[in-house]
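Once you've looked at the hints, dock chain B against the given chain A.
Those protein sequences? They're chains A and B, same order as listed. With the numbering used here, letter number 75 in the first sequence gets 80, and the count goes up by one each step, no holes. With the numbering used here, letter number 180 in the second sequence gets 222, and the count goes up by one each step, no holes.
No lab work stands behind these hints: they were computed from the structure. The reader is advised that the hints may include incorrect statements.
[Claimed, not checked] Here are the simulated PhoX-like pairs of lysine-lysine, each with C-alpha atoms no more than 25 Å apart in a straight line:
#  : chain 1 : residue 1 : chain 2 : residue 2
1  : A       : Lys85     : B       : Lys263
2  : B       : Lys282    : A       : Lys29
3  : A       : Lys85     : A       : Lys179
4  : B       : Lys263    : A       : Lys179
5  : A       : Lys42     : A       : Lys156
6  : A       : Lys179    : A       : Lys206
7  : A       : Lys42     : A       : Lys129
8  : A       : Lys129    : B       : Lys263
9  : A       : Lys129    : A       : Lys156
10 : A       : Lys129    : A       : Lys179
11 : A       : Lys156    : B       : Lys282
12 : B       : Lys171    : A       : Lys156
Spelled out from the first residue to the last, the chains are:
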Amino acid sequence: MTTPPTLEVRNLRTHFFTRAGVVKAVDDVSFTVDRGKVLGLVGESGSGKSVTGFSIIGLVDPPGRIVEGQILFQGRDLTKLSEEEMRDLRGNRIAMIFQDPMMTLNPVLRIDTQMIETVLAHQKVSREEARQRARDALGQVGIPSPDERLKAYPHQFSGGMRQRVAIAIALLHKPDLIIADEPTTALDVTIQGQILAEAQKLCAESGTALIWITHDLSVVAGLADDIAVMYAGKVVEEGPVAEVLDAPLHPYTLGLIGSVPSRNRRGEPLRQIPGMTPSLLNLPAGCAFRSRCPRAEPRCAEPPPMAEYRPGRFARCIHPHLEEVAAA
Amino acid sequence: MTVFLLRRLLQAIGVVFAMSVLVFIGVYAIGDPVEILISPDADQIERERAIEALGLNLPLWRQYLVFLGNALQGDLGRSFVFNEPALQLILQRMPATLELAFGAMFIAILLGLPLGLYAGLRPNSIGSKVIMAGSILGFSLPTFWVGLMLIMVFAVQLGWLPSTGRGETVEVLGMRWSFLTWNGLQHLLMPAFNLALFKISLVIRLTRAGVRETVLMDYVKFARAKGLSPSRVTFVHVFKNILIPVVTVVGLELGSTIAFSVVTESVFAWPGMGKLIIDSINVLDRPVIVAYLMMIVLMFITINLIVDVTYSVLDPRVRLESKA
Chain A
6 MTTPPTLEVR
16 NLRTHFFTRA
26 GVVKAVDDVS
36 FTVDRGKVLG
46 LVGESGSGKS
56 VTGFSIIGLV
66 DPPGRIVEGQ
76 ILFQGRDLTK
86 LSEEEMRDLR
96 GNRIAMIFQD
106 PMMTLNPVLR
116 IDTQMIETVL
126 AHQKVSREEA
136 RQRARDALGQ
146 VGIPSPDERL
156 KAYPHQFSGG
166 MRQRVAIAIA
176 LLHKPDLIIA
186 DEPTTALDVT
196 IQGQILAEAQ
206 KLCAESGTAL
216 IWITHDLSVV
226 AGLADDIAVM
236 YAGKVVEEGP
246 VAEVLDAPLH
256 PYTLGLIGSV
266 PSRNRRGEPL
276 RQIPGMTPSL
286 LNLPAGCAFR
296 SRCPRAEPRC
306 AEPPPMAEYR
316 PGRFARCIHP
326 HLEEVAAA
Chain B
43 MTVFLLRRLL
53 QAIGVVFAMS
63 VLVFIGVYAI
73 GDPVEILISP
83 DADQIERERA
93 IEALGLNLPL
103 WRQYLVFLGN
113 ALQGDLGRSF
123 VFNEPALQLI
133 LQRMPATLEL
143 AFGAMFIAIL
153 LGLPLGLYAG
163 LRPNSIGSKV
173 IMAGSILGFS
183 LPTFWVGLML
193 IMVFAVQLGW
203 LPSTGRGETV
213 EVLGMRWSFL
223 TWNGLQHLLM
233 PAFNLALFKI
243 SLVIRLTRAG
253 VRETVLMDYV
263 KFARAKGLSP
273 SRVTFVHVFK
283 NILIPVVTVV
293 GLELGSTIAF
303 SVVTESVFAW
313 PGMGKLIIDS
323 INVLDRPVIV
333 AYLMMIVLMF
343 ITINLIVDVT
353 YSVLDPRVRL
363 ESKA
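Here chain A stands alone, though its shape is the one from the complex (with noise of 0.2 Å):
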């Protein structure tokens, strides 16, 4: 028997209940990551990246919940789970690192508080147990003298500084999965460098399996073993990360592509996507893209399937690029 997967995602569908209608943030995305491999997801603002990421952790807040859908973590499905269970695995075996390092540690309680308690909220073991552990989890993360730093308080820590410090927290209990929501969106580009460099090495070292939220595609070409660009609540396209940037399938990635600055292209204008993302309260029928795609044809009506056009390549589109496209 080979063992399954590290997560598993299928047809997850996870809709918010608002008074102004039924919004459909995640509908039907399904993805699989392997141990010790990166998943890129990538998307706009609104596509659902995050509320996925969310739905994996069982925290997504009223009005929402999921509705459908399987979350199969090393076999077990998540979304079965008690609360209890959930909170057993939540930053034990899954951990989430925020986009906004200013935000996500309490600015009224120490680190050593913030990190001792996610130590003991797992393991028993003795306070200077759990203190010695975060000292080395700082540590690991590249922060010089923790042993002083553990005793300070997130307002005297950089941007940079305070994102290492929730990371260190995420790899307490060294997790099977950690999703990280645009990590590196708020830090300067150097600060992102080492900190991508730092979650590649962990990944290849430990096998944790890492889900790297962003809207940057620059990000996901270096670190990403595979990819999956979604786009209004759905993945339109998946596949090996390089094969997927070179040669893009759905004209939706095609035109992520084109929008990223490139040094080949000086002069020219760069290539927008007209129009912008459709509200999810009333999404049109069929391609949600339908509208700002330059192929779209009365076909696209339809709702597209999930095909796979070439082996490992899937995409959401009925007239996919499989001719040779210049990407960038």
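Chain B alone, transformed into the frame defined by chain A:
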């Protein structure tokens, strides 16, 4: 910290000085005590003598300088009515008011924090709607009416609690306190609750607003993502953050409760400072009014200082370092 305290001390002296001028002029403006204090039958000579004895013949600025000179030596003047040092009069009444005010604050925090926390965590439950509606009543019902109703129900109809006075007192540190005897505590309960009603509502609303705001913060979600128990998230991560506004308001309210508990003291015939100041205003007993207001100024300054120091304990970002 020392620099901070020193700076605050200098500011305090300035405030006290400015207040003394304002109070003195204000009290001078509200009327001439001579008309009330001296019997209408007195002849011209007796009148002149009395006015001179009270120092009321001097121009305002001379009266002020005399007051200032005496005040610097710890003498805030003698009551025209009781012919006793004004300060002593006030200090005699102070324990009654203090225990009433602290009792009220204690009740307000004891009831307000948990109710506000509940209302903030479950904003849509029936319980929290009842709490919020109740807090509107607490805000809007006039204190004197609630006081009278409490007396009607608990003293007259049910006969559970005494309606007036302080009951038995015990002398500690040279002052008489009610809250140390069972009988005194029974006397204290109703007026303290009456005085607390408004503050309970205030604390509930502040706490609820704070909780509603804090639970949306990323750090609360992150705390949950760490796998902490809901009680740890609520009572450590949320609670410590909402305490900052609550401490500010409770601190300031404590001052105003001590200073202006007049209505409750009158309704329950509680022999505190509030009743003294009302009586003194009625007979234009200037030294008592001035001394009382000066005491209140000092008290507010002290409370503000305590609030600031508490702040720095609660919120590391406002640590009072000597960064000038």
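Hints, verified against the model:
Restraint check for Lys85(A) and Lys263(B): satisfied, since their Cα atoms lie roughly 21 Å apart, inside the 25 Å limit. For the hint pairing Lys282(B) with Lys29(A), the CA-to-CA distance comes to about 36 Å; that exceeds 25 Å, so the pair is violated. Pair hint Lys85(A) plus Lys179(A) holds up; C-alpha atoms about 24 Å apart against a cutoff of 25 Å. For the hint pairing Lys263(B) with Lys179(A), the CA-to-CA distance comes to about 20 Å; that is within 25 Å, so the pair holds.
A hinted pair counts as satisfied when its Cα atoms are at most 25 Å apart, and Lys42(A) with Lys156(A) does not qualify at roughly 35 Å. A distance of roughly 13 Å separates the Cα atoms of Lys179(A) and Lys206(A); the hinted pair therefore holds under the 25 Å criterion. Simply put, Lys42(A) and Lys129(A) have alpha-carbon atoms about 30 Å apart, too far for the 25 Å limit, and the pair is violated. For the given pair, Lys129(A) sits about 23 Å from Lys263(B) by alpha-carbon distance, which is consistent with the 25 Å threshold.
The hinted pair formed by Lys129(A) and Lys156(A) meets the criterion: a straight-line CA distance of about 22 Å does not exceed 25 Å. Note on Lys129(A) and Lys179(A): the hinted pairing holds, with a Cα-Cα distance of about 16 Å set against a maximum of 25 Å. A distance of roughly 18 Å separates the Cα atoms of Lys156(A) and Lys282(B); the hinted pair therefore holds under the 25 Å criterion. A distance of roughly 41 Å separates the Cα atoms of Lys171(B) and Lys156(A); the hinted pair therefore is violated under the 25 Å criterion.
In the structure shown, a violation is registered for the earlier hints numbered 2, 5, 7, 12, in ascending order.
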